[in-house]
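Asks: Sequence:
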Amino acid sequence: MKICLVLTLALVADFAMGDIDMCFMEKQTKTELRTFVNHYPENNHVYFGVKSCPENRLEIGATFFRYYFSIKFGRTKTETGAVRINKYDGGGIITKWSSEQVMLNCDEVKYFWMKWSKGELAIGQGLELGSRTLYTFNDADVRSELYSGLVHVVYKGTAEFENQCGILFKKHLCQRSLPLTSDLYRSLDDSLTYSVNNDEVMKLDEFPQRSK
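Numbering (our numbering), first residue to last: 1 to 212.
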């Protein structure tokens with residue numbers, strides 16, 4: 001029982017152990033700067049999914065006051081590299097990293113993450129923070145208190161975007177000893193809702209898909 005309690009506390013304390021649940025957000029077909037819908041603005045990180053053909057061009061970036069840190073996909077006549085990581089400020093664009101690796105697919109959603117703290121912002125692939133990092137900014141202009149959101153734009157072609165809509169947890173071995181509805185879970189955050197479906201998966205903070 002003590003072992004079960006320890007394992008349960010460890011699971012609850014570290015939500016990063018769960019699988020990130022991603023949902024369709026929107027399909028963008030015209031060139032305009034749009035705000036990325038983030039259901040977890042209190043976090044210092046964000047996940048996003050993109051489905052678009054490699055020949056298309058699009059960009060997603062985090063804004064900190066007048067500074068903009070982004071990942072840009074696709075080539076132009078004057079740009080090399082299939083993907084670039086840029087910083088925008090009053091003086092223009094600075095490309096900090098680029099790669100010839102094609103990271104988009106016409107038929108498959110590709111996932112990425114951004115995470116920031118004081119003086120640092122990292123961008124990577126996948127749905128696990130800190131893994132497959134592409135580039136890390138060490139920049140005094142990255143300040144969490146100045147973060148104002150994520151934006152995205154499609155310059156050429158179309159793209160479908162996904163955002164985070166929940167966290168999935170596999171049912172662990174000690175669940176029968178300590179039910180999910182216990183006071184231990186409820187005391188963590190009364191704003192969280194918990195449910196278990198027939199596939200033995202627990203979903204936290206599930207948001208409905210946006211209405212058309």
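Please note that the accuracy of each hint is not assured.
Claimed, not checked - Distance windows between CB atoms, simulated:
1) Gly-130 to Asn-105: 29 to 35 Å
2) Asp-19 to Lys-77: 36 to 42 Å
3) Cys-106 to Glu-145: 20 to 26 Å
4) Gly-92 to His-39: 19 to 25 Å
5) Gly-90 to Glu-55: 29 to 35 Å
6) Arg-143 to Lys-77: 16 to 22 Å
7) Thr-29 to Gly-91: 19 to 25 Å
8) Tyr-155 to Ser-99: 30 to 36 Å
9) Gly-90 to Thr-136: 33 to 39 Å
10) Pro-54 to Gly-90: 14 to 20 Å
11) Gly-130 to Pro-54: 23 to 29 Å
12) Ser-131 to Asn-38: 17 to 23 Å
13) Thr-29 to Ser-144: 18 to 24 Å
14) Glu-42 to Ser-99: 18 to 24 Å
Hint data in this document are derived by calculation from the structure and do not stem from the laboratory. Given the structure is predicted, the values throughout are model-derived calculations rather than measurements. Where is the CB? At the ideal position from N, CA and C, for every residue including glycine.
Asks: So, for every hint listed, does it hold in this structure?
Replies: Status of the hints after comparison with the structure:
Taking the beta carbon of each, Gly-130 and Asn-105 are about 23 Å apart, not inside 29 to 35 Å as hinted. About 41 Å separates the C-beta atoms of Asp-19 and Lys-77, a value consistent with the hinted range of 36 to 42 Å. The given range of 20 to 26 Å is broken by Cys-106 and Glu-145, whose C-beta atoms sit roughly 39 Å from each other. A beta carbon spacing of about 33 Å between Gly-92 and His-39 contradicts the range 19 to 25 Å that was offered as a hint.
Between Gly-90 and Glu-55 the Cβ separation comes to about 32 Å, which falls inside the hinted range of 29 to 35 Å. Distance hint check for Arg-143 and Lys-77: the Cβ-Cβ separation is about 36 Å, which falls outside the suggested range of 16 to 22 Å. Under the hint 19 to 25 Å, the C-beta atoms of Thr-29 and Gly-91, about 32 Å apart, miss the expected range. Between Tyr-155 and Ser-99 the C-beta distance comes to about 19 Å, which lies outside the given range of 30 to 36 Å.
With their beta carbons about 23 Å apart, Gly-90 and Thr-136 fall outside the hinted range of 33 to 39 Å. Separation of Pro-54 from Gly-90 is about 32 Å and departs from the stated range, judged on CB atoms against 14 to 20 Å. Between Gly-130 and Pro-54 the beta carbons are some 26 Å apart, a value that agrees with the proposed interval 23 to 29 Å. For the pair Ser-131 and Asn-38, the beta carbons lie near 21 Å from each other, so the given range of 17 to 23 Å is met.
Checked against the given bound of 18 to 24 Å, the beta carbons of Thr-29 and Ser-144, roughly 33 Å apart, lie outside it. One distance hint, 18 to 24 Å for the beta-carbon pair Glu-42 and Ser-99, is violated here, with the actual separation near 32 Å.
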